[in-house]
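Quick mapping for you: the protein sequence lines, in order, are chains A and B. Count the first sequence with this note's numbering and you get residues 4 to 495, in order. Count the second sequence with this note's numbering and you get residues 44 to 238, in order.
These are calculated hints, taken from the structure and not from any lab test.
In the BS3-like style, the derived pairs of lysine-lysine whose C-alpha atoms are separated by at most 25 Å in a straight line are:
| no. | chain 1 | residue 1 | chain 2 | residue 2 |
| --- | --- | --- | --- | --- |
| 1 | A | 240 | B | 237 |
| 2 | A | 78 | A | 235 |
| 3 | B | 237 | A | 237 |
| 4 | B | 229 | B | 81 |
| 5 | A | 239 | A | 78 |
| 6 | A | 235 | B | 237 |
| 7 | B | 229 | A | 491 |
| 8 | A | 371 | A | 445 |
| 9 | A | 491 | A | 147 |
| 10 | B | 215 | B | 237 |
| 11 | B | 229 | B | 215 |
| 12 | A | 235 | A | 73 |
| 13 | B | 223 | B | 81 |
| 14 | A | 57 | A | 491 |
| 15 | A | 491 | B | 232 |
| 16 | B | 81 | A | 491 |
Computed far set for chain A versus chain B, every beta-carbon distance over 12 Å:
| no. | residue |
| --- | --- |
| 17 | 178 |
| 18 | 294 |
| 19 | 358 |
| 20 | 378 |
| 21 | 381 |
| 22 | 383 |
| 23 | 408 |
| 24 | 442 |
C-beta atoms are modelled at their ideal positions from N, C-alpha and C, and glycine is treated no differently.
Residues per chain are reported as follows:
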Amino acid sequence: MLSLRCLAFNVRRSMFLSILIMETIQGSEPRMPDPDKPYPVTVLGYPAEMIGPKETYARVSEQIAGIPLKHPHPKFWLIAFALAGAMFLLFCIAVGYLLYRGVGIWGINIPIAWGFAITNFVWWIGIGHAGTFISAILLLLHQKWRTTINRFTEAMTLFAVMCAGLFPLLHLGRPWVFFWLLPYPDTMSLWPQFRSPLVWDVFAVSTYFLVSLMFWYLGVMPDLATVRDKAKTKWKKIIYGMSCLGWRGSARHWQHHQSAYLLLGGLATPLVLSVHSVVSFDFSVAQLPGWHSTLFPPYFVAGAIYSGFAMVLNLLIPIRRLYGLQNLITTRTLNNMACVMLVTGWMVIYGYIMEAFMAWYSNDPFEKHMMWDRAFGAYGWVFWGLMTLNCVIPQLLWSRRVRTNGLYLFLVALSVNVGMWVERFVIVVQSLHHDFVPSSWKMYYPTKWDVFTLLGSIGLFLMLLLLFIRYVPMISITESRELIAQRKEGQL
Amino acid sequence: MIQEKLSVTTLPEPEIEYEEPALFGMMAEFEEHEELLKAARQAYSEGYRRMDAYSPFPVEGLAEALGHEASPIPLFTLAGGIIGGLGAYFMEWIAMAKLYPLNVGGRPMNSWPNFIPVTFELTVLIASVSAFIGVFLMCRLPHPHHPVFNVPEFDRASSERFFLCIEADDPKFELSETRKFLEGLKAVKVTEVKE
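With the hints as extra help, turn the sequences into a complete structure.
This is the structure we're talking about:
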C-alpha cells in the first residue's frame, strides 16, 4: 500500500498521465476516506464516488421522479422561466422584424455575408456535441460516470441543435422557401446541388437532430413509466402513461430496448464526429485564406466537445446544487468532465498552433497575411481575448481544487463558453474581412438585431431546458438503478 | 309468442351476473434481480414457456433465461442502413447525373467523393429510424392497458421490485400447482393476475 502511494505521488506530478491512469483503472480502484475532503478519494487523490453510498433503487426513483411530480423550488423555476421567456420574446421580436425587413437589419455585408448568424449556428451545434459524446461515445467506452448526466446532456443537445438549426434558415433571406434545400420531385424539376457542403449540412444537421431525438426518447421511455407509476393525480397518470406508451419493463421490452439503444449509440458515435466535420466543410471547402485547411474537421470536432462540456458544466453546477443532486452527480463526475475539457482544450490549442504554423510554413502570402491580420489587425483584440478565454484561463483546470470546486469550475466553463463563441466569430468574420483583393476588404459591425437574435436564442434554449427539468426526469433513473445493482455486485 | 311478450307491462328486474374476470396469470414478486433471474431459470426448467419477467432496469441474461429468442433489431438496423446508403447514393446520382446534370468546373457528373457525406448521413438516419421503429413493433407498443397493471403492487415494478408472471394459457399452468411452485422460489408475494 505504501509503495502504491509513493508511486501515486510520483505519478501525480505528471498530471496528464494521471488523468489517463484514473480513467483506465477506474472501477477496480480502492477508495479511502480523506480527512481534508468531504468525499472519499482514490489512491491518486481523486474523488471516488460515482453515486452516493446510501442510495437504493427506491431512493433514487423517488428522488429523481419526485422533481417533475413535486416541483420543488417553484419560485426559482418561475423566475428563471420568466427571464428565459422574456429573452425568448426578444427573439420573437428580432425574428419577426427580420422576416418583415430582411437580413439587411443585420450588420452583414459583402464580403462579410455570414456574420453573427453562422457564428451562432456553429457555436450552438458545437454545444450539442457534448451531449452525444457523453451519451453515445462514453456509453460504448463503458465510462460509467456518464450515467447520471447523460439524460440532461442529451436534452441539452436537442435544444442546442434546435437553436442552431434556426440560424442558417433565418440567414437564407427567404426562410419560407427553406424546403428548396430538400430533395423532392418538384414541379420545376430542380434538385439541390449535392456537391455543395451547404446541402451536406442540411442532411448532417437534420440527421443529427432526428437521431438524437430517437436516442433520447428511447432512454426516457422507461423513466416516464416510473413517473406514471408514482403519479398521484389522474391527469398526471394519463399524460405520463401516454408519453411512455404503456411501458411495462418486461424482459422482452428490455431486450429489444437495450439492443436498439446500443445500436443507436454505435450509430451516433460516427454521426457526432461527422456533423461538425460537415459543418467545418462549409468553411474548408471554400478557397478563402483562414478557411481552406485540412485541419478543420478534427479541430472543429474538438472545439465542439470543448464548448459542449463547458455548457454542460455551466448548466449542471447550479442545477445540481439547487435540486440537491450531489449524491447522483458527484464531484467525481465534475472532475471527469473538467478533465475532458482540459484534453479537448489542448486539442483546440494544437489547432491554433497548427493554423499559425501552416500559414508560415506554406509561405503562401495570403495565408501569412491572414494570420498577421488575425493577431494584429482590426480584430486583433478579439483574437487575444479568445486566446485568454480559451487557452490561458482553462489551464486552471490543472489544479484539482479548481476541478472539484463548483464555483471555480463554473467560472472556467463560462470562460470557455464565451471563448468558443469568440473563436467562431474570429473564424467567420476575420477570415472574410480580409480576402485576396484589398479593394474588397471591409469591416463588420454587429447591429442591435444581431445581438438580440443571439440573446434571444439563448432564451429559447434556457426556456426549453427549464421545461425539460420541470416535466421530465432529468437523470436516467434506470441507469442509476443499474449503477446501484453493479455496486451491489461489486463491479463498481 | 312475440305478442305475448310485448303485452307484458312491467318487466321483472333483470338479474345481472357479474362475471368473474378471467385469470391472466400468476405473478411472483422479488426483491433482487438475482432472485428473479434464478426464478426465471427454474420456471423454464420446470417446463413453463408462456411467461414474462418485469424489472425496473435491464437484467442481463433474463430474456435468455425465459427462453426468448434473440432480438431481430440488429437485422432491422442493418437492412435500414443498407437501404438508406444505397438509396441516398442512388438519389444523388440520379439527381446530379441524369435528371439535372450541371457541369461544375468540368468534373464528372457522377462525382462520387462529393456524394459521400449525404450517403453517410442517410445511412445512419435510416438505420436509426429502423432500429427505433423496430423497438415499438417488437415490443408491441403503444399498449397502454395490460392485465399486469391490475396488480396493485405492480406500481413498484418501475422503481424497485422484480416480478415474474406465468401466464394462464401456458399448457403447464395449473392454479394451485403454479402457486406452490412460485411460492417455493423465495418470492415476497404471489398474486393472481386478472384480465
